[in-house]
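Number of protein chains: 2
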Amino acid sequence: MVKARKQVVLNHFKGVPKREDFKLVEEELPPLKDGEILVKAEWISVDPYQRAYNTQIGVPYDQFGFQVGKVEDSKNDDYPIGTKVVTHKGWKDYFITTPAVTTNMTDIIYKLPDLQGLSESLGVGAVGMPGATAYFGFLEICKPKAGETVVVSGAAGAVGSLVGQIAKIKGCKVIGFAGSDDKVQWLEKELGFDKAINYKTADVLKELQEAAPKGVDCYFDNVGGELSSVIISQINLFGRVSVCGSISSYNDDVNKLPKATIIQPSLVFKQLKVEGFLVSRWTERWPEAFKQLIEWIKVGQLKAREHITEGYDHVFDAFIGMLAGENLGKAVVKV
Amino acid sequence: MVKARKQVVLNHFKGVPKREDFKLVEEELPPLKDGEILVKAEWISVDPYQRAYNTQIGVPYDQFGFQVGKVEDSKNDDYPIGTKVVTHKGWKDYFITTPAVTTNMTDIIYKLPDLQGLSESLGVGAVGMPGATAYFGFLEICKPKAGETVVVSGAAGAVGSLVGQIAKIKGCKVIGFAGSDDKVQWLEKELGFDKAINYKTADVLKELQEAAPKGVDCYFDNVGGELSSVIISQINLFGRVSVCGSISSYNDDVNKLPKATIIQPSLVFKQLKVEGFLVSRWTERWPEAFKQLIEWIKVGQLKAREHITEGYDHVFDAFIGMLAGENLGKAVVKV
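In order, the protein sequences belong to chains A and B. Residue 349 is where the first sequence ends in this note's numbering, and the numbering goes up by one at each step. Residue 349 is where the second sequence ends in this note's numbering, and the numbering goes up by one at each step.
Treat the hints with care, since some could be wrong.
One copy or two, it doesn't matter: identical chains are merged, so the pair holds either way.
[Unchecked claim] Here are the simulated PhoX-like pairs of lysine-lysine, each with C-alpha atoms no more than 25 Å apart in a straight line:
1) K28 x K284
2) K317 x K270
3) K209 x K220
4) K348 x K187
5) K157 x K287
6) K220 x K270
7) K28 x K273
8) K157 x K182
9) K187 x K89
10) K17 x K47
11) K228 x K270
Simulated from the structure, these hints should not be mistaken for lab results.
With the hints as constraints, model all of the structure from the sequences given.
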């Protein structure tokens with residue numbers, strides 16, 4: 015018998031999620047049936063969409079999210095003991111599942127790609143959902159061309175930090191917005207951004223105009239809100255905006271979202287294209303992204319920094335820290 | 015010698031354009047040179063973009079805009095006396111020009127299409143720039159499918175009234191937003207909209223949800239602002255938004271645009287595509303739209319109502335009236 019723990023979300027969050035919105039549930043797992051596997055979590059991911067979706071679904075629910083695990087017991091020949099798997103089973107330390115081929119996020123399971131010696135934690139980061147998000151969300155929607163100017167907001171986050179580096183690989187000029195001077199330093203000194211701006215302290219419009227004298231061609235938006243309105247006002251004719259998230263509003267009441275300067279005049283005069291996306295749109299193509307991302311990391315063109323919290327007991331803290339912007343790069347919990 | 019009149023715009027408008035922002039200039043036109051034609055305006059158009067562009071260009075400038083005119087004298091064999099032409103020469107009663115093949119809006123000139131007995135005023139309306147705007151802006155960007163629900167704002171205007179009718183022709187359910195009960199009546203009783211809503215008096219969200227129980231698939235946006243934020247919040251997965259204008263903000267200070275509820279959360283969760291456009295993008299294809307629009311009007315599938323002001327002296331009043339929403343359908347001045 016295996017004793018398993020999971021985090022159940024009891025409430026629709028009001029503002030910043032609170033510890034009492036979660037309940038730790040322990041249960042004894044039953045013996046495996048044919049086709050089932052027992053998975054032990056090794057790396058658990060905390061991501062902004064775990065906040066955003068809370069208000070979109072009914073409560074209570076088992077906290078969802080990506081994790082890398084190891085098959086500890088198996089009655090499924092395709093997943094023998096020792097197999098490393100990526101699932102969307104969330105904040106569970108042990109669980110039983112029946113692997114199926116599906117692109118439905120709830121039940122998705124796939125074998126961890128061959129990471130060629132890189133940390134397996136990347137399976138929930140640069141070579142996982144956030145990696146695919148950066149890769150497809152930027153390349154497919156922004157369709158960047160060499161020489162163009164790309165702006166990324168939430169640039170020091172799991173997705174944004176990859177988008178900026180991919181843009182550099184593609185020959186673009188890259189400007190990132192982040193929320194601390196440490197992040198700005200990291201983006202400019204370590205990741206090779208042409209310019210990074212602390213949106214909390216800068217005169218955003220002025221610094222953006224100085225950094226992008228020829229205007230902006232592509233904008234990868236993780237944050238929404240007024241910052242996005244300012245950036246969109248600086249986009250050139252036929253510019254493209256990929257909207258990945260709007261973390262600036264995630265702690266707001268979903269029925270009373272904030273207001274920001276309207277973007278329609280820019281959309282019309284500059285004939286801009288703005289598209290929101292969920293990375294599940296490309297689930298079948300994720301392996302294509304993973305192959306390329308691993309290659310870029312191996313040759314040193316892409317840095318996949320992680321912000322690691324140790325211990326299953328601290329997954330809630332890791333989540334709150336990530337929402338507060340404490341992480342440089344991907345926030346992940348080592349179980 | 016011909017005495018010609020034109021309206022020169024002296025200032026960047028502050029709020030509603032004022033009569034003193036314009037200056038009537040009279041001048042004697044010189045004799046024609048080789049290749050030139052003398053045109054007498056017959057129908058002069060007033061349109062929302064004449065307000066919007068004012069802040070984008072330097073002053074003073076000759077007021078631009080479409081007009082239908084007649085060649086009164088000619089030293090150009092391609093444009094003999096009596097030829098009807100459409101130009102972008104604006105609020106001039108007589109002018110001299112050298113016809114050239116160009117898609118540049120300032121110098122555009124083309125022969126009035128064969129309107130098969132319909133009023134030649136349609137050359138600046140349903141079979142002119144506004145017609146092409148409705149046709150391409152809706153069909154190319156919204157890509158509507160039969161059975162889908164389409165929302166149009168500014169629905170009683172020159173473009174909006176055509177978009178709604180084209181959507182009906184394409185088998186869509188059509189909901190229009192307009193600013194008076196008269197307009198609502200006209201849209202529902204005369205133009206066949208499934209539902210029209212007076213956004214000034216209605217509980218917009220509630221009435222929209224009732225009218226569109228299956229949600230919205232396409233939104234053709236003429237107005238921007240909070241109304242658009244509400245409509246966008248009701249759009250279904252993979253919905254499309256065509257942004258044609260944002261007349262709700264045209265009288266605002268361009269450096270201090272209004273705020274409205276952010277749309278990014280809807281863009282992400284519903285994976286929406288929002289695109290702004292200028293109809294000049296499709297100038298070479300306008301004849302394709304005109305052919306279809308004439309056909310629809312001739313068989314009675316499309317009603318091209320006009321709001322006609324008489325006399326060159328009243329073009330300013332027609333313009334202000336149109337900006338205030340006094341027109342049902344296309345606002346045009348009979349010279």
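Now the hints, each set against the structure:
1. K28 x K284: between (38 Å within a copy, 23 Å between copies)
2. K317 x K270: This pair counts as neither: shortest intra-copy Cα distance 38 Å, inter-copy 40 Å.
3. K209 x K220: Answer is within: at 13 Å inside a copy they meet the 25 Å cutoff, but 46 Å across does not.
4. K348 x K187: Neither, since 35 Å and 52 Å both go past 25 Å.
5. K157 x K287: both (11 Å within a copy, 15 Å between copies)
6. K220 x K270: between (30 Å within a copy, 15 Å between copies)
7. K28 x K273: This pair counts as both: shortest intra-copy Cα distance 18 Å, inter-copy 24 Å.
8. K157 x K182: within (13 Å within a copy, 34 Å between copies)
9. K187 x K89: neither (51 Å within a copy, 52 Å between copies)
10. K17 x K47: Within one copy only: 17 Å inside, 96 Å across.
11. K228 x K270: between (36 Å within a copy, 23 Å between copies)
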